[in-house]
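Order-wise, the sequence lines are chains Z and D.
FYI, our numbering numbers position 67 of the first sequence as 68, with every residue one higher than the one before it.
FYI, our numbering numbers position 260 of the second sequence as 261, with every residue one higher than the one before it.
In short, the hints are calculated from the structure, not lab data.
The structure presented is a predicted model; accordingly, all values stated were derived computationally and were not measured.
Misleading hints may appear alongside valid ones.
SDA-like, lysine to any residue: derived pairs with alpha carbons at most 25 angstroms apart [unchecked claim]:
#	chain 1	residue 1	chain 2	residue 2
1	Z	Lys118	Z	Leu37
2	D	Lys150	Z	Val220
3	Z	Lys118	D	Leu64
4	Z	Lys118	D	Gly41
5	D	Lys88	D	Arg173
6	Z	Lys118	D	Asp203
7	D	Lys129	Z	Leu37
8	D	Lys129	Z	Leu192
9	D	Lys199	D	Gly41
10	D	Lys32	D	Asp12
11	D	Lys111	D	Gln90
12	Z	Lys118	D	Gln90
Okay, here's what each chain looks like letter by letter:
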Amino acid sequence: MTINWDLVWSSLGPILMGAVTGTIPLALASFGLGLLLALLIALMRLSRNPVFAAIARIYISVIRGTPLLVQLFVIFYGLPSIGVTISPWPSAIIAFSLNVGGYAAEVIRAAILSVPKGQWEAGHTIGMSRRQSLVRIILPQAARVSVPPLSNTFISLVKDTSLASLILVTELFRQAQQVAAFSQEFMLLYLEAAVIYWVVCLVLAGGQSVLEKRLDRYVAH
Amino acid sequence: MSPTESTLPDDSALLAVRELRKAFGSHEVLKSVDIDVRRGEVVALIGPSGSGKTTVLRCLNGLEIPDDGVVDFVGQLAVDFSAPVSKKQLASLRDRSAMVFQHYNLFPHKTVLENIIEGPVQVQKRPKAEAIAAARELLARVGLEGKEKSYPFELSGGQQQRVGIVRALALRPQLLLFDEPTSALDPELVGDVLTVIKELADEGWTMVVVTHELAFARQVADEVIFMDGGVVVERGHPDTVLRDPREERTRQFVDRLLNPF
Numbered sequence: 002m003t004i005n006w007d008l009v010w011s012s013l014g015p016i017l018m019g020a021v022t023g024t025i026p027l028a029l030a031s032f033g034l035g036l037l038l039a040l041l042i043a044l045m046r047l048s049r050n051p052v053f054a055a056i057a058r059i060y061i062s063v064i065r066g067t068p069l070l071v072q073l074f075v076i077f078y079g080l081p082s083i084g085v086t087i088s089p090w091p092s093a094i095i096a097f098s099l100n101v102g103g104y105a106a107e108v109i110r111a112a113i114l115s116v117p118k119g120q121w122e123a124g125h126t127i128g129m130s131r132r133q134s135l136v137r138i139i140l141p142q143a144a145r146v147s148v149p150p151l152s153n154t155f156i157s158l159v160k161d162t163s164l165a166s167l168i169l170v171t172e173l174f175r176q177a178q179q180v181a182a183f184s185q186e187f188m189l190l191y192l193e194a195a196v197i198y199w200v201v202c203l204v205l206a207g208g209q210s211v212l213e214k215r216l217d218r219y220v221a222h
Numbered sequence: 002m003s004p005t006e007s008t009l010p011d012d013s014a015l016l017a018v019r020e021l022r023k024a025f026g027s028h029e030v031l032k033s034v035d036i037d038v039r040r041g042e043v044v045a046l047i048g049p050s051g052s053g054k055t056t057v058l059r060c061l062n063g064l065e066i067p068d069d070g071v072v073d074f075v076g077q078l079a080v081d082f083s084a085p086v087s088k089k090q091l092a093s094l095r096d097r098s099a100m101v102f103q104h105y106n107l108f109p110h111k112t113v114l115e116n117i118i119e120g121p122v123q124v125q126k127r128p129k130a131e132a133i134a135a136a137r138e139l140l141a142r143v144g145l146e147g148k149e150k151s152y153p154f155e156l157s158g159g160q161q162q163r164v165g166i167v168r169a170l171a172l173r174p175q176l177l178l179f180d181e182p183t184s185a186l187d188p189e190l191v192g193d194v195l196t197v198i199k200e201l202a203d204e205g206w207t208m209v210v211v212t213h214e215l216a217f218a219r220q221v222a223d224e225v226i227f228m229d230g231g232v233v234v235e236r237g238h239p240d241t242v243l244r245d246p247r248e249e250r251t252r253q254f255v256d257r258l259l260n261p262f
């Protein structure tokens with residue numbers, strides 16, 4: 002097999018464009034919204050209110066128990082039949098955010114529980130409300146613990162955004178598909194797409210190390 | 002630094018605890034405990050593990066909610082636990098005392114200085130510059146000048162516990178609560194921490210100290226309370242309780258601490 006380098010170079014533009022205008026903003030927006038949702042779900046799950054806790058439990062169970070592709074299709078292709086039509090981009094962001102919300106909620110819950118009870122008590126004795134203790138004492142410590150697993154979630158998300166190509170979002174993989182269909186060079190274009198995903202994930206993994214180092218500055222080594 | 006100023010005479014009653022009860026499930030940890038503390042007084046709570054002495058301390062600071070009984074900061078606030086107690090009342094009770102923990106419980110993600118000013122600045126809304134100045138003064142007092150920017154993990158256990166004490170002092174509470182403050186320390190570091198506590202006692206701070214250090218209790222405490230099985234077995238002047246106790250249970254406990262084998 003000879004490599005058609007001309008095609009590699011000429012397709013690099015549209016594919017990178019797909020990454021920069023599709024994959025990356027989609028992943029960032031979904032991750033940001035998903036984390037907020039995850040924090041809310043985690044706090045509900047930890048709440049003493051049994052109704053909140055039950056809602057959170059069911060939510061996590063449904064999100065983790067159903068394929069992301071199915072979630073995406075329900076929102077984009079399913080909802081219109083009950084009169085709710087959402088365009089591709091918002092559909093993708095909603096689906097990915099809901100998905101991250103379910104997975105990251107368990108990470109955040111575990112991270113909060115990993116902070117020793119004595120930290121809550123110290124917050125209490127200096128006069129803090131539970132909310133103040135949570136925000137100023139517990140979450141900063143939970144953040145450190147949750148960086149590695151949340152990085153996993155984020156890296157998975159970056160790759161999962163390729164599913165958005167199936168609901169017509171122009172992102173990295175859809176660009177590759179289009180060039181491939183046009184040139185019939187499937188192996189080449191899909192490998193090229195794979196390499197670009199890999200490079201993006203390498204950069205993210207590097208970012209994870211930097212973040213871990215920063216957050217580790219107050220821990221004994 | 003001095004304890005909260007008051008127009009009341011120095012030895013007036015500060016705290017009166019009446020018929021304090023607490024159970025965890027079916028296990029009764031406190032079965033009607035009464036304690037009185039006067040201003041400037043040091044009360045040492047001693048007793049075997051499981052006797053309920055730490056639970057008493059935690060109830061005073063609102064870390065546990067008693068099932069029944071009254072905690073009365075005389076003339077200021079009396080909280081009656083026989084009926085449901087509001088969050089506001091609990092917070093008001095909690096704010097009158099500050100706890101020094103057995104395992105320090107410093108905030109590991111904050112520097113020494115940040116640990117100390119967190120309460121004054123974030124909770125009490127005091128000016129930051131003033132809180133920092135007060136914190137530095139207190140740190141110097143306990144021999145930790147220059148450690149402001151250290152993180153807790155960079156300090157020895159004894160240093161961490163002194164930071165824990167300063168964090169409590171910075172809140173300017175009326176009552177200091179010490180929960181076995183030296184039990185987690187290496188033996189050679191115990192002395193430094195006890196010295197600091199003794200100095201605070203000499204300055205007139207009011208404190209309740211749960212401790213196994215009988216020599217410290219005899220030297221510093223005005224009253225020693227011996228608890229066992231969730232009740233106060235004996236109380237009185239340290240020389241009496243620790244040297245010539247009336248109760249057999251007290252005698253056995255003291256003997257065991259003085260002659261472990």
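_Check whether the Cα positions of D/Lys129 and Z/Leu192 lie no farther apart than 25 angstroms._
violated (58 angstroms)
_For D/Lys111 and D/Gln90, compute the direct alpha-carbon distance and say whether it is at most 25 angstroms._
violated (30 angstroms)
*Starting from D/Lys129, check that the Cα of Z/Leu37 is at most 25 angstroms away, please.*
violated (31 angstroms)
*Is the straight-line distance between the alpha-carbon of D/Lys150 and that of Z/Val220 25 angstroms or less?*
holds (14 angstroms)
_Given hint D/Arg173 paired with D/Lys88 - CA-CA distance at most 25 angstroms_ = holds (21 angstroms)
*Between Z/Lys118 and D/Leu64, is the straight-line Cα distance small enough, at 25 angstroms or below?*
holds (11 angstroms)
*Does D/Lys32 pair with D/Asp12 here, judged by a C-alpha cut-off of 25 angstroms?*
violated (28 angstroms)
*Would you check the hint for D/Lys199 and D/Gly41, treating anything up to 25 angstroms between C-alpha atoms as holding?*
The given pair, whose Cα atoms are some 12 angstroms apart, holds under the 25 angstroms limit.
*Straight-line Cα separation of Z/Lys118 and D/Gln90 no greater than 25 angstroms?*
holds (23 angstroms)
*Under the criterion that the straight-line Cα-Cα distance not exceed 25 angstroms, is the pair Z/Lys118, D/Gly41 satisfied?*
violated (31 angstroms)
*Straight-line alpha-carbon gap Z/Lys118 to Z/Leu37, limit 25 angstroms*: It holds: about 24 angstroms lies between the C-alpha atoms, which stays within 25 angstroms.
_Would the hint linking Z/Lys118 and D/Asp203 be met if the CA-CA limit is 25 angstroms?_
violated (33 angstroms)
In the structure shown, a violation is registered for the earlier hints numbered 4, 6, 7, 8, 10 and 11, in ascending order.
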